[in-house]
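Residue strings, one per chain:
Number of protein chains: 2
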Amino acid sequence: MKTRAITISVILILLGFLFFLGSCKEKTKQVQSVASAAHKYPSDVIPFMDEWKILCGDGTRSEDLVNFEKKDFFYVENDGQTDWVVYKTPNSGVTSRTSSNTRTELGQKAHWIPETGGKLTGTLKVMQVSTTGDATVSSSFSTVVGQIHSDEGHENEPLKVFYKKFPGHEKGSVFWNYEINTAGSNEGRWDFSTAVWGYDFSDVGASATENPEEPQDGVALGEEFSYEVNVFEGMMYLTFTAEGHETKKFAKNLLKSDFVTKADVPEQILATYYERGRDGVERDTAYTGEIQYFKQGCYNQANGKSTKSETYGGDIAKQYANGSFAEVWFKDATVGAGTKPN
Amino acid sequence: MKTRAITISVILILLGFLFFLGSCKEKTKQVQSVASAAHKYPSDVIPFMDEWKILCGDGTRSEDLVNFEKKDFFYVENDGQTDWVVYKTPNSGVTSRTSSNTRTELGQKAHWIPETGGKLTGTLKVMQVSTTGDATVSSSFSTVVGQIHSDEGHENEPLKVFYKKFPGHEKGSVFWNYEINTAGSNEGRWDFSTAVWGYDFSDVGASATENPEEPQDGVALGEEFSYEVNVFEGMMYLTFTAEGHETKKFAKNLLKSDFVTKADVPEQILATYYERGRDGVERDTAYTGEIQYFKQGCYNQANGKSTKSETYGGDIAKQYANGSFAEVWFKDATVGAGTKPN
Numbered sequence: 001m002k003t004r005a006i007t008i009s010v011i012l013i014l015l016g017f018l019f020f021l022g023s024c025k026e027k028t029k030q031v032q033s034v035a036s037a038a039h040k041y042p043s044d045v046i047p048f049m050d051e052w053k054i055l056c057g058d059g060t061r062s063e064d065l066v067n068f069e070k071k072d073f074f075y076v077e078n079d080g081q082t083d084w085v086v087y088k089t090p091n092s093g094v095t096s097r098t099s100s101n102t103r104t105e106l107g108q109k110a111h112w113i114p115e116t117g118g119k120l121t122g123t124l125k126v127m128q129v130s131t132t133g134d135a136t137v138s139s140s141f142s143t144v145v146g147q148i149h150s151d152e153g154h155e156n157e158p159l160k161v162f163y164k165k166f167p168g169h170e171k172g173s174v175f176w177n178y179e180i181n182t183a184g185s186n187e188g189r190w191d192f193s194t195a196v197w198g199y200d201f202s203d204v205g206a207s208a209t210e211n212p213e214e215p216q217d218g219v220a221l222g223e224e225f226s227y228e229v230n231v232f233e234g235m236m237y238l239t240f241t242a243e244g245h246e247t248k249k250f251a252k253n254l255l256k257s258d259f260v261t262k263a264d265v266p267e268q269i270l271a272t273y274y275e276r277g278r279d280g281v282e283r284d285t286a287y288t289g290e291i292q293y294f295k296q297g298c299y300n301q302a303n304g305k306s307t308k309s310e311t312y313g314g315d316i317a318k319q320y321a322n323g324s325f326a327e328v329w330f331k332d333a334t335v336g337a338g339t340k341p342n
Numbered sequence: 001m002k003t004r005a006i007t008i009s010v011i012l013i014l015l016g017f018l019f020f021l022g023s024c025k026e027k028t029k030q031v032q033s034v035a036s037a038a039h040k041y042p043s044d045v046i047p048f049m050d051e052w053k054i055l056c057g058d059g060t061r062s063e064d065l066v067n068f069e070k071k072d073f074f075y076v077e078n079d080g081q082t083d084w085v086v087y088k089t090p091n092s093g094v095t096s097r098t099s100s101n102t103r104t105e106l107g108q109k110a111h112w113i114p115e116t117g118g119k120l121t122g123t124l125k126v127m128q129v130s131t132t133g134d135a136t137v138s139s140s141f142s143t144v145v146g147q148i149h150s151d152e153g154h155e156n157e158p159l160k161v162f163y164k165k166f167p168g169h170e171k172g173s174v175f176w177n178y179e180i181n182t183a184g185s186n187e188g189r190w191d192f193s194t195a196v197w198g199y200d201f202s203d204v205g206a207s208a209t210e211n212p213e214e215p216q217d218g219v220a221l222g223e224e225f226s227y228e229v230n231v232f233e234g235m236m237y238l239t240f241t242a243e244g245h246e247t248k249k250f251a252k253n254l255l256k257s258d259f260v261t262k263a264d265v266p267e268q269i270l271a272t273y274y275e276r277g278r279d280g281v282e283r284d285t286a287y288t289g290e291i292q293y294f295k296q297g298c299y300n301q302a303n304g305k306s307t308k309s310e311t312y313g314g315d316i317a318k319q320y321a322n323g324s325f326a327e328v329w330f331k332d333a334t335v336g337a338g339t340k341p342n
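Each protein sequence line maps, in turn, to chains V and H.
All the letters of the first sequence, read from the start, carry residue numbers 1 to 342 under UniProt numbering.
All the letters of the second sequence, read from the start, carry residue numbers 1 to 342 under UniProt numbering.
A hint or two may mislead.
One copy or two, either will do: identical chains are not told apart, so a pair holds if it fits within one copy or between any two.
Pairs of lysine-lysine residues, derived as DSBU-like cross-links and limited to a Cα-Cα distance of at most 30 angstroms, are as follows [stated by the list, open to error]:
no.: 1; residue 1: Lys109; residue 2: Lys119
no.: 2; residue 1: Lys70; residue 2: Lys249
no.: 3; residue 1: Lys252; residue 2: Lys308
no.: 4; residue 1: Lys340; residue 2: Lys70
no.: 5; residue 1: Lys308; residue 2: Lys171
no.: 6; residue 1: Lys252; residue 2: Lys70
no.: 7; residue 1: Lys71; residue 2: Lys308
no.: 8; residue 1: Lys53; residue 2: Lys262
Since the hints were made in silico from the structure, they are not lab data.
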């Protein structure tokens, strides 16, 4: 009887052990599953969201982006490894006051002037650009993934970072545009474009339905790259990096124009804008003292008018189902003070 | 025997239960004690530290304040309830280029102009101001806990938020000073001071050793208060709050001077600065277009020269042991874009 009693005791103790061990584990598991099941907002992935407001492609605006999302426009996706903030917008939707292009794009709350500067960084992959458009129009098949935008005067853009991929090509191009701060009337304004990898903005098809060759050293949809825009004491320093691509660096003075006289106007501009009557020059002081802010996200350059892209009468679901949209994913981004370049 | 065996089993099960319950608890405890034992840096308490650089009262400078601390100057204290960031600095130490006062003070990396604006907030308690000094000198017994500082021209200060307490008084004063952006030579510059709670800067003792009366509605050492400095479209909006005190709000235009002619100069200034030959006026455009940045922390206004405060020959340990220092604790603070006031 004694042995049996001890045996029973031991079994019961073991059962007790297993029970409480189980209860310990269960608690740990519960905590983990709560954490992984928790819904993630863009502000959980990139913590700088309190520094921005947003305009989405359906006209949704918000000035409080902490724990904010907008289904089908601004939300978090996981690609199996990493959380990404998705910025998605159709070819036709609701646009801002100054544009006929839709955007799901952040606008920086803090403003600055070139002399005080600022820095914006981003690591992204473009997942989609419009598959339809007029190949002779520079902005077809493209989206802008970062900007410096002026908030006064002509409200021009010292910087737009583009991604563009012609339909049928595997690789697309990354380039950046500098828009002149036009002297006098802004009717004559134009963008000077510089290729980072692949083509620049001025490389277009020979006809509306003919594409140029596949670009050299291009970047595919879904391929990651990073940019840094550092404005320090009036100089704009740009750095572009991507695995398997040469790092590219550029500098542009925002306080002193390179394009003051018609003799300064680059061949690229004479062959494009000037032929169409956009024949301005820039004020000598460029963007000196003019209030600026950063933008980041997806500013779709395709629309039904200028690029003649498909819009399905503005039906967003149809546009999303048929390639008439742009979509950009960011996994990292920062905004802050400009820094002295190395 | 059967009963006894069951009794033993039950006891053993209970022991098992307690043992494993204990082990569960222990794990929880361990995690907690690791967390509470972990060393805390100022950047753990106030997460905005990546937006600032620092100058400490011993001359230590750092431009990377994440996980940075400086013993005896910039570190974390817990008062039993809350973690606070401590800013401490002696009456005599190492000073900046433009000042004879020591500081342990943050300087904002991002710069801005009044037109683009910005916002700084802080919740703090002043723990110490110098106990020695000349009671007829306005800056005796005081420290500055927040500033807007110009980075060009005269490098004057559109805003200094002061705490000052005369020795022997229980309550001190909170006031803010606006320094004119002097027209012509900066020799004639002066600060116009406005009381928040208690006295303003111009209220001094009748002689070097006589204090005025204890101020009405004053703030004690160790008593918490908050400020918000919101610069929006060139206007500076100030809000001061503290439990048990009336909330005070002020607005000052930074783009247009109130002090352009001698007739505009306030009585407060005529009776103090003007008598000593500091008889300037301000340029009409005040701080328009001038580059600014915020400062926050402890900028000790006591020194061995102008306020004739005790410095123990610059021996910091002796100063700290004998009340010849200033010390300010912050528990919350933010910096960011200016916002449209309600």
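The hints, checked one at a time:
no. : hint            : result
1   : Lys109 x Lys119 : both (14 angstroms within a copy, 11 angstroms between copies)
2   : Lys70 x Lys249  : neither (35 angstroms within a copy, 37 angstroms between copies)
3   : Lys252 x Lys308 : neither (33 angstroms within a copy, 52 angstroms between copies)
4   : Lys340 x Lys70  : between (37 angstroms within a copy, 25 angstroms between copies)
5   : Lys308 x Lys171 : within (22 angstroms within a copy, 72 angstroms between copies)
6   : Lys252 x Lys70  : neither (36 angstroms within a copy, 39 angstroms between copies)
7   : Lys71 x Lys308  : within (27 angstroms within a copy, 65 angstroms between copies)
8   : Lys53 x Lys262  : neither (39 angstroms within a copy, 45 angstroms between copies)
In this structure, the earlier hints numbered 2, 3, 6, 8 are contradicted, and the remaining ones agree with it.
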